[in-house]
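**Student:** This is what each chain is made of:
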Amino acid sequence: MPKLVALIDGSMYSHSVCDLSAFFASRLEASISVVHVLGRREVPGKTANLSGSIGLGARTALLEELADMDSQNAKLANKRGRAILEDAREYLQDAGIKDVEIKLRNAEIVETIADFESEVDLIVIGKRGVGANFDEMHLGSNLERVVRSTQKPVLVASRAFRPIKRFLIAFDGGNSAWKAVEYAAQLKCFADVPCHLITINNGSTSSKAGLEQAETLMRDAGYEVTSEVLDGDAEYSISKKVEEGEFDLLLMGAYGHSRIRNLIIGSTTTEMIRSCKVPVLLFR
Amino acid sequence: MNTDLLPRLQEEWFGNTRADLLAGLVVALALIPEAIAFSIIAGVDPKIGLYASFSIAVIVAITGGRPGMISAATAATAVLMVTLVKDHGLQYLLAATVLAGLIQIVAGIFKLGFVMRFVSRSVMTGFVNALAILIFMAQLPELINVPQLTYVMVAAGLGIIYLFPYVTKVIPSPLVCIIALTSVSLAMGMDIRTVGDMGELPSTLPVFLWPDVPLTWETFMIILPYSAAVAAVGLLESLMTASIVDELTDTTSDKNRECIGQGIANTATGFIGGMAGCAMIGQSIINVKSGGRGRLSCFCAGLFLLLMIVFLGDWVKQIPMAALVAIMIMVSIGTFSWSSIKNLRDHPRSSSAVMLATVIVVVTTHNLAIGVLVGVLLSGIFFAWKIAQLFRMNKSLSDDESTRTYQFEGQIFFASVDEFNASFDFKEAVEKVVIDVSMAHIWDISSVAALDMVVLKFRREGAEVEIIGLNEASETIVDKLAIHDEPGALERMLGH
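Listed in order, the protein sequences are those of chains A and B. Its first residue numbered 1, the first sequence is counted upward by one per residue in the working numbering. Its first residue numbered 1, the second sequence is counted upward by one per residue in the working numbering.
It is worth saying that the hints were derived from the structure and are not from the lab. One thing to keep in mind: the hints can contain errors.
As the list claims (entries may be wrong) - Computed from the model, here is a short list of chain B residues facing chain A with C-beta under 8 Å:
1. 156
2. 159
3. 165
4. 170
5. 173
6. 244
7. 282
8. 289
9. 329
10. 334
11. 338
12. 339
13. 449
14. 452
15. 453
Using N, Cα and C, we set each Cβ at its ideal position, and we do this for glycine too.
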């Protein structure tokens, strides 16, 4: 049975992560594993002792003190984490998913994903999380690292969820774009959803040829597919298209450009995720 | 991981900014006396120790492998360079520092951090205690042949340091101690030794200078023993302190990167006129206690230290040595592991012996590396001695009294070979002797040689010898035990 993993942190985005996971799981007939990662412990600023003096048995005393503080904080975090996961499980079971397991992990998020990556088929994560109120317009701090660290498809949930009635594939002929198309093609359960393929006109004929090949692949898989070549700037045109065409899901290859380009010009992927208000399914 | 580089750097440097800055400031105050005191021990101007502390702290913050640990000029390395300075002068000290740094870099590249696994807890405790004693002993020159007033000042200083935190924990008590004692000594016009009496303080920021030594083989041979000792001591202390900080912060660190980082820092320090240093246990504990966790804390400690010295130099000259002595006594009290004295009663005698041996050797030779080496050797010997006790022999005679069977269980190695040999009764005249080692483990060549000799001896007495189970027993003779990846393979190998 295919398996989905939903990464939640108890913020408002966790709801749409659950909704999206439920939607996909029921279509794919998959089980869901809901995972919450307990963040790294914060150094308590208030109780820090600036007296700068160390007395008898300083080391053992300090170790005990730090361990006590840590254990108190960790117990609270554990309780909260469990509550979040239990809520999510109930929510998913109410939505009709029978096979839901919950996991509370004490490790860092990228390590956690590396641990179970081989067993899952799809990873669902929110576009933002608990930091959403403070950092308007910024993406979640874990998002890029999670997507970069895994080879599995990552579904980035937006704040609102609506059932997927049409979806868009942003195609650029690269490896990850082909992965996106092939993934969609073998998802028989979605074949009833109309698909639109677009590519950005970069002045050569190869992009058009690639697009046609992709279109044929999708059509052979049973999709009702249309295609189009758009002009202009990739980020702007694609997000405009998503809005105008009222698409409910965007598939694309992620972080394809070199790191230097990302540093200087900015990442297309990041911009896309930021500007689109719909979930984005990323492939590497 | 490459993908993680920028966020990780951000986390390590700015993940705890406010606390790191404050902790760095607190540590810098404790670093002033140390840097000055260690220069005096080594017999050089305080300027050398202060430049060294600044440069080591700042560079290790960037290159080291243990965020939150404080490195600077230390007692451990200072005591090793006394004779070098006396015999050959300052420039040789700087050259030795550079060479020590290079040796440390090589050690890090060859991943010698792994030798830490042989340093047992008793050795570590012994090391920490010996260091505390060394720091305390380094204060003694300031406490003998001095005006009576000094003792009063030191006592007052200690009182402020330990009692002021009950008033408020927000202002570092060493700072209060320094300010109070300085004001009192100025106000009452006391005639006691001050920092200014110790030598020249830096008035400028450090500059690059190539050590003024002839680049010959002779120079190399002069500085090599000192550099090797400094490199070894520096690495040992840094790796042990890193383990301690690991425990306190419940995080892991990269030991080999720490070796390389220390090496780079020492090399660079030699070129700006500073002496070698390493990580410091006392200051690292102060740092963690004050909330410092990231690299910024060590960086700030070095930076604040230099700024205070260079720009407040005139004030620093007035600080009475008594204040600095009080701070150093506080550090040594905090570094000493007082629970180890209580544990002397409870712990097995072998562990206590190792700890005491380490302390005694360090205090007598003033060389931490030799002490640790002795401690490690003793732990190894005690361990072998304990394992040699895991040895049993059963003997039985066949019904027709013609065959004697010796069955061995346990560990056969160099320390138990004597007992092995003593188990056989060569005077007994039997036709056949069966030696069953299937339940025993043969760990090295001495055991194989002993077995061969036994077989030979029995043959010479006219008995026929059969060895059973040699294959299972010898599984443990190879250097890298091949543990097959099946569940239970380990139990099977050690348990049979």
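**Student:** Against this structure, judge whether each hint is valid.
**Tutor:** Hint check results:
no.	hint	result
1	156	15 Å, violated
2	159	11 Å, violated
3	165	4 Å, holds
4	170	6 Å, holds
5	173	5 Å, holds
6	244	7 Å, holds
7	282	7 Å, holds
8	289	5 Å, holds
9	329	11 Å, violated
10	334	3 Å, holds
11	338	5 Å, holds
12	339	6 Å, holds
13	449	47 Å, violated
14	452	51 Å, violated
15	453	51 Å, violated
When held up to the earlier numbered hints, the structure conflicts with 1, 2, 9, 13, 14, 15 and fits the remainder.
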